Amino acid sequence: MNTVTLRAKRRRSALVTLGFLAPWIIGFSVFFAYPLISTVYFSFMHFDGFRPPAWNGGRNWSYVFTQYPLFWPALRNTLWLVLVMVSTRVVFGLGVGLLITRIRTGTGFFRTAFYLPYLAPPVAATMAFAFLLNPGTGPVNHLLGSVGLPQPGWFSDPSWSKPALTLLALWGIGDLMVIFMAALLDVPKDQYEAAELDGAGPWQRFRYVTLPNISPIVMFAVVTGVIQTMQYYTQPIVAGKVASGIIGNSGQQFEPGYPQQSTLTLPQLVYNLGFQRFDTGSACVIALILFALAMAFTALLMRRRGGLIQAGD
Amino acid sequence: MTDVLTPPTTVSRPVTDPARAVRRKAVLRWIAVHALGIAAALFFVLPFVFVALTSLMSDNQALTRALWPHPFVWHNYVTVFRTPGFLTWWKNSLIYAGAGTVLTVCSSIPVAYALAKFRFRGRNLSLMLVVATMMLPPQVIVVPMYLFWANQLHLTGTLWPLIIPMAFGDAFTIFLLRQFLVTIPNEYVDAARVDGCGELRTLLRVVLPMAKPAVAAVALFQFFYCWNDYFGPQIYASENPAAWTLSYGLESFKGAHQTSWNLTMAATMLVMAPVIIVFFFAQKAFVEGVTLTGVKG
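Line by line, the protein sequences are chains A and B. In terms of the working numbering, the first sequence opens at residue 809 and continues consecutively. In terms of the working numbering, the second sequence opens at residue 35 and continues consecutively.
Do not take every clue at face value.
What the hints assert, rightly or not - Straight line, CA to CA, 30 Å or less: simulated BS3-like cross-link-like pairs of lysine-lysine:
# : chain 1 : residue 1 : chain 2 : residue 2
1 : A       : Lys-970   : B       : Lys-246
2 : B       : Lys-59    : B       : Lys-125
3 : B       : Lys-125   : B       : Lys-318
4 : B       : Lys-125   : B       : Lys-246
5 : A       : Lys-997   : B       : Lys-125
Derived from the structure by calculation, the hints contain no laboratory data. All figures in this text were calculated on a predicted structure; none of them were measured in a lab.
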């Protein structure tokens, strides 16, 4: 009899668990698992969105790798962004974090000032920078010119568009600043005192006390930075549209990556192939490449010691 | 090392030479740190200032390289509001962000609670799947989702494809809430259970009141996410300007006012304003939320 009630109790608690998880189970199935499987299916189909899909083997895959003109530029840009944008963001974020922990007067003002740009909606922030950096009337080139420095074309110049995007990314450093600030304040004070007694200078204290203590956070910032780069979409596409002057209702005709494919990123290719060229199959190939990259870096993040996931009971 | 950095106060001890050297070094460091701080603050604040100033310039002046508006044209903001569509986009953004936030938070709380406090087989796997979904670029699944909303439900060109999925939990919200709920001691939950509370009552009466700061943080994050979303409206709403949101409509503003930046910058200010106002009212919850994103291990 005892086992019967126990079993009934277990079944009830399983039902309760299921009930609590229900929203996510439905959401996961309908908005994640089903479309993911469907994406794999379409990646082997010729499908223009109108006529019924037809099997065409690996042709979408070979098209993307060998013929689609935007794939390799997008991958190269992604690599550039990972190497330059992610690393400058981490270094700058750490620098701003160090600075804010040392500021003693007007702390509240400085914190808010440093954090606020992070909140600016990406479209609005990009519009703002497209204006600030525009070669014609932009205040940045105005100031550069008035002190006799060269005035780059920024978003209109293929060799300056990614640096301009990096500048925009550095402006919104608030998230990293807060994370580094918390980590820096957690470094045990006695370690600094011990180092000072041993005669360590500021650089040695940073190198041998600060850095080892915050290295997990640096790692976290790098990996999440890479994952964000895989998703980098709004800023380059808006910057390209504004700089090229092709904007508004005629969005369908905009060839992404302006100027000269220098701001192309992988997510833009999904839009370009799927919604502008009506090549659903090849769009799904890009989507799967994006999926593989994002998952690889997520696995790296989850394997991290001390973990992204807080231990439960 | 903290006290080295505090601005020097009067020293009562007789001043010896080494003490004076230490003090002078402290003063110099204080000056250096704060000079750097001001330089950094200029970098972060000046873009807002230039955008605000340009938004107040006359059409003619906005075509020049002038930095200071002369005269101040406050009427630009009226013009922006009178632009066809602008109020509709504003309303759509509020609907998307408002409904999206309420639905996401309500549907994510029970899931996060189950992942934090229930013991069941597959819990760790579920958690890993949540994290995986969280890291997924939205573009990965957009093609089948678009076909689903367009061909099966005929709902593209409306806000529904953006809002409905919010009723089924959001991975990021679930993850953040779960991170917080795990830190609530089990004794509270067990005590409520012993007192005969069902799981739902335990969650609503005991756990949720303790989790208010975390709920506030995820609600803010979700509000900002919806308000800022560009890709979603571009995919699902672009075919119908009456369903555009501010984030999507803003760039068309530059198209309509091709030549001058003043009205575009006024519109940009109006897109930034709600987010910044909300931030000032909820600063603490927000910063707590950022530190919750996975740093505390």
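Practice item. Against the earlier hints, flag every one the structure doesn't satisfy and list their numbers going up. Key: 1, 2 and 5
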